[in-house]
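There are 2 protein chains.
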Amino acid sequence: MRGFRQRHALREVEALIEARIHPLSVERVPFSLALGRVLAEPVVAPRNVPPHPKSAMDGYAVRAADLPGRLEVVGEIMAKASFDRPLEKGEAVRIMTGARVPEGADTVVMVEDTVSEPPFVRIDHASVSGRHVLRTGEDLSAGAVILEAGRRLGPADLAMLVNLDALEVTVRRTPKVRLIPTGNELIPAGQAPSGNEVVESNSYMLGAMIERDGGVAVPHPIVRDDKEMLKEAIRRPGADLVVVTGGSSVGMEDFGPVVVRELGELPIHGLHMKPASPSGVGFVDGVPVLLAPGYPIAGYVAWDMIGRLIVQRQLGRTPALPYNKCRARLARTEKKAEAQVLILRVKLEAKESGLIASSIKGGAALLSTLTGADGFVIMPEGVSELEAGTEVTVYCYPS
Amino acid sequence: MRGFRQRHALREVEALIEARIHPLSVERVPFSLALGRVLAEPVVAPRNVPPHPKSAMDGYAVRAADLPGRLEVVGEIMAKASFDRPLEKGEAVRIMTGARVPEGADTVVMVEDTVSEPPFVRIDHASVSGRHVLRTGEDLSAGAVILEAGRRLGPADLAMLVNLDALEVTVRRTPKVRLIPTGNELIPAGQAPSGNEVVESNSYMLGAMIERDGGVAVPHPIVRDDKEMLKEAIRRPGADLVVVTGGSSVGMEDFGPVVVRELGELPIHGLHMKPASPSGVGFVDGVPVLLAPGYPIAGYVAWDMIGRLIVQRQLGRTPALPYNKCRARLARTEKKAEAQVLILRVKLEAKESGLIASSIKGGAALLSTLTGADGFVIMPEGVSELEAGTEVTVYCYPS
Numbered sequence: 004m005r006g007f008r009q010r011h012a013l014r015e016v017e018a019l020i021e022a023r024i025h026p027l028s029v030e031r032v033p034f035s036l037a038l039g040r041v042l043a044e045p046v047v048a049p050r051n052v053p054p055h056p057k058s059a060m061d062g063y064a065v066r067a068a069d070l071p072g073r074l075e076v077v078g079e080i081m082a083k084a085s086f087d088r089p090l091e092k093g094e095a096v097r098i099m100t101g102a103r104v105p106e107g108a109d110t111v112v113m114v115e116d117t118v119s120e121p122p123f124v125r126i127d128h129a130s131v132s133g134r135h136v137l138r139t140g141e142d143l144s145a146g147a148v149i150l151e152a153g154r155r156l157g158p159a160d161l162a163m164l165v166n167l168d169a170l171e172v173t174v175r176r177t178p179k180v181r182l183i184p185t186g187n188e189l190i191p192a193g194q195a196p197s198g199n200e201v202v203e204s205n206s207y208m209l210g211a212m213i214e215r216d217g218g219v220a221v222p223h224p225i226v227r228d229d230k231e232m233l234k235e236a237i238r239r240p241g242a243d244l245v246v247v248t249g250g251s252s253v254g255m256e257d258f259g260p261v262v263v264r265e266l267g268e269l270p271i272h273g274l275h276m277k278p279a280s281p282s283g284v285g286f287v288d289g290v291p292v293l294l295a296p297g298y299p300i301a302g303y304v305a306w307d308m309i310g311r312l313i314v315q316r317q318l319g320r321t322p323a324l325p326y327n328k329c330r331a332r333l334a335r336t337e338k339k340a341e342a343q344v345l346i347l348r349v350k351l352e353a354k355e356s357g358l359i360a361s362s363i364k365g366g367a368a369l370l371s372t373l374t375g376a377d378g379f380v381i382m383p384e385g386v387s388e389l390e391a392g393t394e395v396t397v398y399c400y401p402s
Numbered sequence: 004m005r006g007f008r009q010r011h012a013l014r015e016v017e018a019l020i021e022a023r024i025h026p027l028s029v030e031r032v033p034f035s036l037a038l039g040r041v042l043a044e045p046v047v048a049p050r051n052v053p054p055h056p057k058s059a060m061d062g063y064a065v066r067a068a069d070l071p072g073r074l075e076v077v078g079e080i081m082a083k084a085s086f087d088r089p090l091e092k093g094e095a096v097r098i099m100t101g102a103r104v105p106e107g108a109d110t111v112v113m114v115e116d117t118v119s120e121p122p123f124v125r126i127d128h129a130s131v132s133g134r135h136v137l138r139t140g141e142d143l144s145a146g147a148v149i150l151e152a153g154r155r156l157g158p159a160d161l162a163m164l165v166n167l168d169a170l171e172v173t174v175r176r177t178p179k180v181r182l183i184p185t186g187n188e189l190i191p192a193g194q195a196p197s198g199n200e201v202v203e204s205n206s207y208m209l210g211a212m213i214e215r216d217g218g219v220a221v222p223h224p225i226v227r228d229d230k231e232m233l234k235e236a237i238r239r240p241g242a243d244l245v246v247v248t249g250g251s252s253v254g255m256e257d258f259g260p261v262v263v264r265e266l267g268e269l270p271i272h273g274l275h276m277k278p279a280s281p282s283g284v285g286f287v288d289g290v291p292v293l294l295a296p297g298y299p300i301a302g303y304v305a306w307d308m309i310g311r312l313i314v315q316r317q318l319g320r321t322p323a324l325p326y327n328k329c330r331a332r333l334a335r336t337e338k339k340a341e342a343q344v345l346i347l348r349v350k351l352e353a354k355e356s357g358l359i360a361s362s363i364k365g366g367a368a369l370l371s372t373l374t375g376a377d378g379f380v381i382m383p384e385g386v387s388e389l390e391a392g393t394e395v396t397v398y399c400y401p402s
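Read top to bottom, the protein sequences are chains P and H. Residue numbers for the first sequence follow the working numbering, beginning at 4 and rising by one. Residue numbers for the second sequence follow the working numbering, beginning at 4 and rising by one.
Everything labelled a hint here was simulated from the structure, so no lab data went into it. Each hint can be trusted.
Just so you know, same-sequence chains aren't split out, so a pair can sit in one copy or run between any two.
Think about it this way: if two alpha-carbon atoms lie no more than 20 Å apart in a straight line, the pair counts; the simulated DMTMM-like pairs of lysine to aspartate or glutamate are:
no., residue 1, residue 2
1, Lys328, Glu352
2, Lys364, Asp109
3, Lys350, Glu151
4, Lys277, Glu115
5, Lys179, Asp307
6, Lys328, Glu394
7, Lys230, Glu265
8, Lys339, Glu115
9, Lys328, Asp377
10, Lys338, Glu388
11, Lys179, Glu235
12, Lys350, Glu394
Taking the hints into account, I'd like the entire structure generated from these sequences.
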């Protein structure tokens with residue numbers, strides 16, 4: 004046993020995912036449960052919004068041609084009442100924000116710009132036709148695509164769905180991700196570890212990341228280092244993606260790669276990436292399987308760089324790393340092998356000259372270097388050195 | 004009625020919130036329900052992690068002083084088994100990642116850097132003491148603060164809590180935000196609007212934003228433009244913050260400000276901000292009340308710039324706008340009143356010279372200008388013009 008004979012570039016993984024992973028089937032959900040779901044079909048405006056010209060201001064609906072001038076106030080339109088005849092030359096109607104602009108009127112003058120001289124109103128400035136008036140269909144034009152397929156629905160989109168009468172929408176089914184922690188050393192949370200025992204914590208971390216990215220985690224109990232038990236856990240039906248954590252490398256107790264090769268195929272094993280180099284991507288019974296290293300940091304990176312792409316592809320979305328970005332200068336010169344993608348955990352410090360990013364020492368075994376980091380820098384393939392002072396993009400962990 | 008006699012700067016609102024809003028009480032929750040909750044107390048490491056030196060690699064545990072050399076392999080340490088005597092001069096032990104490094108050994112040599120010659124192993128390079136060995140307490144040092152108070156718990160933090168035996172944590176109570184939509188023109192979602200009727204959609208949008216920021220939305224049915232009904236809705240016990248949408252200005256049907264003044268106080272009404280200028284902040288029975296305009300975009304901005312600060316203060320957190328940021332150049336010159344804070348919705352376009360941000364025309368009434376925007380630019384107080392080509396920070400809506 005000599006480590007990996009061959010390592011794959013991260014872009015090979017990306018190409019494999021693009022070629023072999025397909026969007027899941029669709030389902031209909033009520034808009035009130037659609038937050039965070041991904042549209043499988045565009046949402047089209049069924050009618051014009053507003054359905055008729057509306058006032059965008061509190062003021063007077065008038066004819067622009069009458070201004071400036073002293074106009075007779077012939078009515079008052081509250082939010083729910085309307086004015087039932089066309090406005091004539093020399094007339095004005097007091098109008099509330101959102102109310103229907105009467106026929107004949109083509110502009111609204113803000114109340115602040117008027118002088119009330121009952122039963123008249125004096126307006127000393129000219130206006131232009133259309134000012135402070137929402138045209139029919141100005142917000143939403145009947146038949147226009149308002150929300151595109153692939154969009155993950157956010158807060159304002161829920162309001163939009165209501166405004167479009169889209170009380171149900173067609174979304175992608177939520178990818179179900181089975182999480183299988185493996186290793187004889189693992190014990191469940193809640194037990195005190197003794198000797199070489201390690202409390203299993205990856206499933207909570209990965210479960211939260213899976214939900215962040217639009218999937219749902221289906222945790223599996225800890226599986227001992229036993230090929231048959233691992234086979235059974237992987238093949239159990241119902242998952243859209245299986246993630247095996249631990250035992251992903253080429254060691255004597257690393258059963259993940261062996262089992263996936265026996266049950267199906269493992270086109271990717273061993274990456275030019277750090278951390279998470281001993282990761283693999285395979286397929287069993289048509290279901291993708293991600294083999295992720297057991298160290299939490301490596302598992303975190305394996306999910307961000309690989310698992311996330313699989314789930315987003317299943318959701319019919321274009322992947323983007325879900326982190327705030329900022330620019331900073333490297334505190335130190337950073338080196339790496341040219342073929343490798345290096346994920347550098349960093350601390351940020353605000354100096355007078357701008358943000359400074361200092362890489363954090365310590366391997367993937369130290370969870371504190373992840374929770375203690377402000378974010379990470381990706382040193383891509385083809386780069387072997389970034390000098391101190393180089394400006395880089397930092398992906399920031401939420402705080 | 005002449006509009007606002009006086010307008011307040013946004014920083015007055017921020018100062019009021021800092022002076023008058025306090026962190027809520029605390030509660031204990033299990034770690035598995037703690038995702039997104041805010042720590043009210045720091046979490047301290049109860050013991051060293053690792054509790055003893057551990058191997059960070061698959062390889063051989065040896066004495067650095069013996070290298071380079073040909074060493075006798077005297078045992079094998081799997082993840083859960085240990086070696087029961089100190090290592091002697093000239094000896095090596097085959098060791099797995101994560102296993103306890105035996106006494107006497109001070110370095111681990113990766114299996115890739117060794118040649119197996121049973122019962123010996125040949126290592127042709129020197130190493131330094133400590134290489135590939137995790138020191139006792141290197142990840143977490145007993146007694147050290149690992150997660151600070153005020154932190155909103157993320158995926159990696161859940162793994163950290165498990166590793167710290169912190170199976171329960173002390174967090175801030177989740178702020179309960181009552182959402183009261185007001186207006187005679189409003190009808191509930193699911194009914195087709197006729198005439199001037201408008202389907203109520205703000206509560207869904209704001210509910211999602213409130214949860215994004217760590218609160219929980221408690222929706223109230225639509226309240227007609229009736230002072231007594233609005234009073235009852237505001238005073239109902241159980242809310243940490245009340246948000247009234249609609250009727251927040253100085254119009255004839257704007258009952259929000261009148262009612263809050265009658266029941267309590269309204270120190271802020273009318274802002275130098277656009278959109279959401281007709282917003283107010285008051286207190287009734289000690290509970291903060293946010294009066295937000297009824298237009299969805301104004302409501303969105305009122306929550307981001309005011310409501311969010313109140314909830315984050317109640318959670319004991321430092322506020323930061325929860326959006327990805329990027330830098331872009333303005334496509335057009337943008338002007339505004341110097342005293343105003345202007346929230347400019349923009350479309351982004353990638354050009355060869357970099358990102359270009361074009362402001363979107365249309366008032367706060369056009370929801371499509373929000374769902375169709377890529378993000379927004381904040382033109383701060385004290386600025387009256389930004390020339391075309393100026394580099395600005397864009398806060399990007401999630402896509």
